[in-house]
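Colleague: Mind docking chain B on chain A? Use the hints.
What follows is the residue order along each chain.
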Amino acid sequence: MNNFTYTTATDARSALKLLSESPDRNAARFLAGGTNMVDLMREGIEQPQSLVDITRLPLAEVEELPDGGVRIGAMVRNSHLAAHRFIRTKYLLLSQAILMGASAQLRNMATTGGNLMQRTRCYYFYDRAAACNKRVPGSGCDAIEGFNRIHAILGTSPRCIATHPSDMCVALAALDASVNVLGPSGERRVAFADFHRLPGETPEVDTNLLPGELVTSIDLPALSSGLPSAYRKVRDRASYAFALVSVAAALTVKEGVISDVRLALGGVAHKPWRARVAEQSLRGSAPTPENFMKAAAAELEPAIPRRDNAFKIELAKRTIALVLSELSADDGGPR
Amino acid sequence: MKSPTTEFQTFTLHVNGVERSVAIEARVSLLDALRDHLGLPGTKKGCDQGACGACTVLVDGERINSCLALAIQYQGREIITIEGLEQAGHLDPMQLAFIDEDGFQCGYCTPGQICSAVGMLDELRSGMPSAVTKNGVDSIELTEAELRERMSGNLCRCGAYVGIRDAIQQVYGAMKP
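Residue numbers (the numbering used here), protein chains in the order written: chain A, 1 to 335; chain B, 336 to 512.
So here's chain A without its partners, still in its complex pose:
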């Protein structure tokens, strides 16, 4: 690991200032829980000249909002968020998604903001001997013709088929979260769907954050109380593995008709994939297994399989249909 200048910020504005005062701003990074950044630095993927430690910022609260929603500070650690009583009661799928990610030790370190900023676990991104447009723009993509069992099937580009690794973010996508950020020109609010990017021509850019911007909190809008929701993760072992496919869903059925449905997928794209095509197909229709499968098929229709990951298409369809079937049979009571 290269050495670097280390400073500690005490509030969000001082963090921005310390970052802007770094000798080379392109080589300056915020450091939160470190579970991804320190690993990337040790592998030489990230080589920051300056690190601004933001773990002491006063952004570690989970606050209920007057409109019934909730604001989650960027420095709330994953384990604390998953265990939070309000989150457990109102946003069960978020708690479940967090608890299905990483290990207990990592969840005790990792922060909400850091989770959003995670980088892909594509083997070729991590292997400095391989070609990777995300690590070295213009160098090519060894995953496309390589061993690509874990790679993306939706929203890919000829330059990159990496997936976003987060479970938490899949739940946030389904929940219509907003991300509050502070930057050199002030505060702004980014819809969660606009936070992460598809790879396109510039896979090296993961998010739409502007230079020098810091995630300060995440807002979740109110959900109707007891709305059945769930997170289902399919992976190679029962615990402590990244998703092959995951599904975050919430479903409201009124008088035999789906009145509201939220659906997002993990493990299939460069960003948490909000399944709007399936949602559209389901709204107003009956909650039957046939309709669930039809909606899932419509969502996966544009999928592009590679040599090793075609199984994800069928897996995603079946997992969507299964989770929705379970939710439609749910009375919203404790599970």
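Hints were generated in silico from the structure; no laboratory data involved. Fair warning: this is a prediction, and the values are worked out from it, not measured in the lab. Watch out, some of these pointers could steer you wrong.
As the list claims (entries may be wrong) - Partner residues are not named here, just some residues of chain A that face chain B (Cβ under 10 Å, in silico):
no.: 1; residue: 89
no.: 2; residue: 105
no.: 3; residue: 198
no.: 4; residue: 253
Unchecked claim - Partial list, computed: chain A residues near chain B (C-beta under 8 Å):
no.: 5; residue: 3
no.: 6; residue: 79
no.: 7; residue: 104
no.: 8; residue: 108
no.: 9; residue: 208
no.: 10; residue: 209
no.: 11; residue: 210
no.: 12; residue: 216
no.: 13; residue: 239
no.: 14; residue: 307
Said to hold, decoys possible - According to the in silico footprint, chain A covers these stretches of chain B (three or more CB under 8 Å from chain A):
no.: 15; region: 376 to 385
no.: 16; region: 460 to 466
Even glycine gets a Cβ: it sits at the ideal position worked out from N, Cα and C.
Modeller: Just chain B now, kept in the frame of chain A:
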């Protein structure tokens, strides 16, 4: 606080109840600081990338992977390593249970397993759910499924899991009211 890139930083870490001064670069992990600079080699380096749990220590009572922690970030925090679990010459109940149930073969993952298990039981007591916890339960029982899920961050390549599980259940059984 500012630290020039090439200089050693002198700062204090609170380890096993003692204030310890270190003079190290900012890039030194908590794991390396403990092992190489503070004479506490009980904490082990397995993968050095947060995948195996051999480096697990307790910080303010919570288990973390010390390999992914920069030491300089942990000033002012209370760090407990395997060397700090015993009290007044008496091994911690978890250490005794690992001996009793033969919770190891080569022993390399053991300090991480033990620190993780101690932190895990505290999480259980505080009501921390896991991925297999049903929603709405008031007190969580350490079932086989709960134990496996909660200890999944610690690998044992010898496969001593049966003894590890029995050791943890022994301590859990003794602490139940």
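Colleague: Interface hint check: residue 198 of chain A, Cβ to nearest Cβ on chain B, cutoff 10 Å. Holds or violated?
Modeller: Violated, about 28 Å.
Colleague: For the hint on residue 239 of chain A, does the least C-beta distance to chain B fall short of 8 Å?
Modeller: Status holds, d = 4 Å.
Colleague: Counting residues of the region 376 to 385 of chain B with a beta carbon closer than 8 Å to any beta carbon of chain A, are there 3 or more?
Modeller: Coverage by chain A holds here, the residue count being 3 at a Cβ distance below 8 Å.
Colleague: Is the hint on residue 216 of chain A kept, meaning its closest Cβ partner in chain B is under 8 Å away?
Modeller: Violated, because the Cβ-Cβ distance from residue 216 of chain A to chain B comes to roughly 20 Å (cut-off 8 Å).
Colleague: Under 8 Å, Cβ to Cβ, is where residue 79 of chain A needs to be relative to chain B, so tell me if that hint holds or is violated.
Modeller: Where the cut-off is 8 Å and the nearest Cβ of chain B is about 7 Å from residue 79 of chain A, the hint holds.
Colleague: Should the hint that residue 3 of chain A touches chain B count as held when the rule is a Cβ pair under 8 Å?
Modeller: This hint holds: residue 3 of chain A lies near chain B, its Cβ roughly 5 Å from the closest one there, short of 8 Å.
Colleague: Restraint: residue 104 of chain A near chain B, CB-CB cut 8 Å. Satisfied or not?
Modeller: Hint holds; residue 104 of chain A Cβ to chain B Cβ min 5 Å, cut 8 Å.
Colleague: Hint residue 209 of chain A vs chain B: min CB-CB distance below 8 Å?
Modeller: Violated, about 22 Å.
Colleague: Are residue 89 of chain A and chain B close enough, Cβ to Cβ, to be under 10 Å, as the hint says?
Modeller: Given a least distance of 8 Å, the restraint on residue 89 of chain A holds.
Colleague: Next item in the hint list is residue 210 of chain A. Is there a CB on chain B closer than 8 Å to its CB?
Modeller: Where the cut-off is 8 Å and the nearest Cβ of chain B is about 26 Å from residue 210 of chain A, the hint is violated.
Colleague: Answer holds if the nearest beta-carbon of chain B is closer than 10 Å to that of residue 105 of chain A; otherwise answer violated.
Modeller: Holds, because the Cβ-Cβ distance from residue 105 of chain A to chain B comes to roughly 5 Å (cut-off 10 Å).
Colleague: Take the shortest C-beta to C-beta distance between residue 108 of chain A and chain B; is it under 8 Å?
Modeller: holds, 5 Å
Hints 3, 4, 9, 10, 11, 12 and 14, counting from the list given before, are not met by this structure.
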